[in-house]
Each structure stands twice: as structure tokens, then as C-alpha cells.
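**Student:** Chain by chain, the residues:
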Amino acid sequence: MTKLLPILIFCAFPLGALAQNTKAFNPDISANFLGLFLSGTDISNDRLDVPHNGFSLQEAEIQFTADVDPYTKAKVLLAVGQEAGDPGFVIEPEDVFIETISLPHMILKAGKFKLALGRHNELHAHAFPFVDAPLIHQTLLGDEGINESGVSAAILIPAKWYSEIVLQAFSLSNETIFNSPKSRHSGGLVHIKNLWDLSSDLTLELGLSAAEGRNQLDRNSSIFGIDLTSKWRPEKGGKYHALIWSTEYLQANRRGFTEPTTAETTEKLGGVATWIQYQFAERWWLQLRYEYVGLPHPDVIPFQNKQSILLGFLPSEFSGFRMQYNRINTQGKNNVDHVVALQYNISIGVHPAHTY
Amino acid sequence: MRLLNSILIPVILSTFNLSAVSALAELNVVTTTTDLRAITNEVGQKFINVNSIAKGTQDPHFIEAKPSYMTKVSKADLLIAIGLDLEVGWLPSLIRGARNPKINQGQKGYLEVGTFVKPLEIPIGRISRADGDVHPFGNPHVTLDPIRTGEIALKIAERLGELDSANTAEYQKNALALQLRMQKKTKEWQQRIQAAGIKKAVTYHRTLTYFLDRFQIENPVILEPKPGIPPTSAHILKVIDTIKKDQISLILVENYFAPTVTEKIKQTIPSIRSATVPVAVDGAEGIATIDDLYENLVKGIVDQNNN
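For the record, the sequence lines run as chains A and E. For the first sequence, the positions run 1 to 356 when the working numbering is used. For the second sequence, the positions run 1001 to 1307 when the working numbering is used.
None of these hints come from the bench; they were simulated from the model. Take the hints with a grain of salt, since some may be wrong.
Claimed, not checked - Residues of chain E placed beyond 12 Å of chain A at every Cβ, according to the derived structure:
no.	residue
1	ASP1085
2	ASN1104
3	ILE1122
To be verified - Within a straight-line C-alpha distance of at most 16 Å, the following computed EDC-like cross-link-like pairs (lysine to aspartate or glutamate) qualify:
no.	chain 1	residue 1	chain 2	residue 2
4	E	LYS1072	A	GLU259
5	E	LYS1055	A	ASP197
6	A	LYS231	E	GLU1112
7	E	LYS1155	E	ASP1131
8	A	LYS239	E	ASP1059
9	A	LYS109	A	GLU92
10	E	LYS1155	E	GLU1112
All C-beta atoms in this analysis are idealised placements derived from N, C-alpha and C, irrespective of residue type, glycine included.
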């Protein structure tokens, strides 16, 4: 009888219910991918380079999220993309972290994540407002932005408007600015975000960020950023019209950095990107961007300015098709560069919860 | 470390002080929609302070998770949502950003009412996004049925009573009064709609399913070819065919959708009547209560001058 008991209990339990209950604990799963066609005068024709002219899979992302227990939730976002110098693809853990859900007023986070340096650095490629990241972000933070292991505390400040302070400590393995040869070194970041509702249709967000850490020369690197975003979406007719104006300024001081051939200093470099996104119909967006790299810039690093225009068609919340043109003017270069990009952005799986 | 001492500690101390003060006040309730706000306000009356996140003029599927809403939710004792995936695109971001463990899912401070009132249009069999933005757990526009609104009021009263046991009887009394009034008015609205002889209507989205079902009005065709997909020319031709074949005399357009497509239909069928209707409390001027909302919908259906 004792041998039969477990079998009887198992048979008595409705298998359908068992399957259903087990499924309830599966993480929310979604995947996203970006297909890209590029044609540009300053873009490489070598398919080992990233980016290169022609067709490519810009990036694919697979995401899992679930509550761990009553205290924390976890997110795993793996990005698959081409690594420069290799035609194959590599997997990069862009977000792998746990964060608290049980603490009042703050979120504590531990793992690997995109640092809260301004607004754009926290975006994953599928959420970029344009096909490419701003030039100053690519130059100072690298192609993938700053994404490090560490801990984070995001604290809501009791104020009449939305105000948040984020404090982060992180590893220094970034390809460009924070990459100390000693693993025991870590960096620190402070980000303050404020958002005001100017009216029920209009918001204004101001963020200030500062980060510091050692670089590959084992000297200090620091970066400072300001981001300003205003969003307008009317309460009436808001399905069909919206206007977003964003500006981000970054300035870095990378102590000891020099130009390899001339040994001239390249320590201080800054730049700005400002863009407007206008939704002119339910599924259509027109966007303009202006960028300037060289505020300040050492003599040895040429300034650049870039103008972009983008037309986006989003048939649903899960798909988007975009066409972008870039015009880039580089100091000391006789010709102006032109780039045309066509991109599709596809999501499958659970419905995403959008951030503002 | 100096940074921690100078910024972090005062911030933490001040936030806990504020929590202690708010505990002495009336219950702070946040609802996702204005309909839920109206129902909750009537149930809780002077014992609660209630705010809605969505405005009555907005499509509740597509609310932006503004950080200022997080501030509201961070102070809430109770968050009331429809559920059934209506708020899936924005509420999780608000809950995360609010940093208020009281209103996490599964806590007493979080209530989803949709599943308690027999949802309609639960898809059968395999579903896919090829069917549009379908809701796997059923149509979420439950507050457009006055009878279900009465049931929702009772559920809200029960939860308010759990959070504030001293006033349980008051909440129950108010909810029952709302439910009885809705039952009585539903009979009157039923008579007016029957007298007008409207048996079928076209809508833009399946927003009015519960209202039309309650008053036995069929909804054989929708202006959207699939949920969340804007009307196409080919689909509008099909709609026109159905209107002619089924002799449909009324188009109801929820007022957060552009009414332009109805003008195209009216060019082909000039006799058809169309009404642009608010589908939430505060959805238009004069729609201040849940009673106003239903009354206005009834008028939109029966009033031959409403064009």
C-alpha cells in the first residue's frame, strides 16, 4: 500500500492543472531583433567590421524576467551581435541582475547592467530613438555603452515633483573609458533625475550624471553628463500626435590619454546630441537629430557634426520599419560623408511594459 | 562614503518620516481608470482619497508610464486595476518605479477587478498576435456594464474593509446602494433602448462589448480589422457590405479614436447614423459620474438627433 500511495496521489492530481501551475512559474520570455541595411561613404565594405555596408543582423536580444521570491525579481537579457574582426556572433549579457521589490522608497540592484549615465546609455539597441547611438556616446562610452557588473541603489526623493537619485558602484571593464588593469578597482556613479509635469500634456525631465573610475593607464577617468527631455502628448488625440525633444551632453576627462603617433593629449573631449521625434499619425514618426563632437576637443581629435533624418512606420507595438539618412562633416576631411540606413525592429513574446 | 552620509541618509530618514504621517490620514487609493475612480469614490466617500492614472479621454491600453504617476502610486495604500491585460503595457513600470511594497501584486494593497466579473470574449484555442492585440484573459472593458459595475463596487468595498476594518459597514452600505441603483437604472435604460428598436451597432474597437451585451445589441462588425490595427480601405468595404446586409443603422465611435472613417462610410450610406461617444468617466464635458457615462451612451443609441 505504501508503494501504491504516491502513484495514487499522482493519478488523482489533474495533469492539466499540474501543467498549468508549473507554467505559471515560467519567466516572461521575449525576443527582439534588428535587421539592418547600410550604405555609407564612411562605412566599411569589410564584413569583419561593425558596422559594414550591406545587410546585417544588427542585434538580437532574448529576455527573461520573473520574481525570484517575495523580495526580489530577476532579469536576464542576452544580446547576440557581431564582434568586430569576426564574421561570427557573440553573446553579451547586457542585463543580468536581481533587484528588490519589497523595499519602500528604493530599488537595490546587483548584477550586470547598463549604467544610469544620462538617458541614452540605459537604452538597449531596440529602444534607440535612431538606428545608431549618438556619436559622442559611441566615442566616449564605446559601441555598446557602459555596461558593467556592480550594485545600484535608486532612491525616490520625497518632493512635489518626481525626483530620484541613483548611486552605483561598478567594475571597470569598459572598452574605452573605465578599464582598469586591476580588477579590485571599482568606479562610482551618481545620477539625479527630476521630472516635472508642466501640464497634463507636457513634461520636462532634467538629469545630471557623474561617474569616476580608473582607466587602462591606471589613472583617473571621469565623465559628466546633462540630459534634458521634454515630451508632449495631448490628452485628447494623443493616439495620433506626440512630440519629444531630447538633448544630451557628455564630457569626459581621461587622464593620460594621448594620440599614439604624436603623443599629443586627447584627455578632454565632449559633445552634444539633440533630437526631435514627431508622431504625425497613429503609426508614423518623423525625427531629426543634430550632433556635435568637440565641446571641448583636443587639437588632435577633429570635431565632427552630424545631421540625421528618420522616417519610421510602426504597424503595431511589435514591429517597426525605419529609414534614416546621416550627413557627417569631419574637420580636416574634404568630403562630407553620407549614410543611408534601413532597419526593421521586431519583438515577439510577452507584451513589453514601456518606460517613459 | 561622504556622499552616502550627506545625501543618502537624510533622504532615507525623511522618507520614513513622511510614511508615518500618511499612516494617520484617510486611505490613499489610486485607480488605473476614471471609471474605477468614480466607483471607488462612491464606495469609500469621506474615508478615502482617490485618484486615477488614466484620463477619461485617453485609450487605457496606451497610457505612458510617467514618473509623476509613480509618485502617486508610491503614496498609495491601495491600487485598483482592471487587469485582463488592459494595463499590461504601462502598469508594471509604474509599480516598479513607485517602490511601494504595499501595492505589489499579491498584496492586500493591490486589487484587479476584471477577473471577478465573468469576462467576455475569452479566446478559445490557440491565440497569436496575427489576430491583433488580443487579450488572452478576455475583454477588459468590464466597467461599461452597469451590472458588473455593481459587482465591482462590492469587491472594492470588501477590499477597503480589509484595509480599514473600522468602516467596513459603511463601505458595504455604499457599494450595495450603488449596485441597487445600477440594477434599477439598467431596467429603465433597457426599456428606452428596446423602444428605440436598435438591435445592431458598429463600433471602432471592442470597447463597448459589455454595454452592448447587457442591452442585447449585436456588434457584428468592428471598424478595426483586428484589435489594435487601424481601419484599412479593404476592411471598410467589408464593413459597408455588412452594414447593408445586416441593415445596421448606427455606428458608435469611442471618442479617443479619430471619427474620420465614419465620414467615409456615410458617403456610401448617407442614412446611417453615427455618434462619437465618451467611453469613460471624464471622457467629455458633463460625464462626471458613472451614471452620466451610461446615460450618455444610452442617449447616443436612442437619440435620433444625435448624429
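**Student:** Against this structure, judge whether each hint is valid.
**Tutor:** Evaluated hints:
1. ASP1085: violated (7 Å)
2. ASN1104: It is violated; ASN1104 of chain E is separated from chain A by about 6 Å at its closest Cβ, not greater than 12 Å.
3. ILE1122: It holds; ILE1122 of chain E is separated from chain A by about 15 Å at its closest Cβ, greater than 12 Å.
4. E:LYS1072 <-> A:GLU259: violated (51 Å)
5. E:LYS1055 <-> A:ASP197: holds (15 Å)
6. A:LYS231 <-> E:GLU1112: Violated: LYS231 of chain A and GLU1112 of chain E sit about 30 Å apart, past 16 Å.
7. E:LYS1155 <-> E:ASP1131: Distance ~32 Å between LYS1155 of chain E and ASP1131 of chain E Cα, so the pair is violated.
8. A:LYS239 <-> E:ASP1059: holds (8 Å)
9. A:LYS109 <-> A:GLU92: violated (19 Å)
10. E:LYS1155 <-> E:GLU1112: holds (10 Å)
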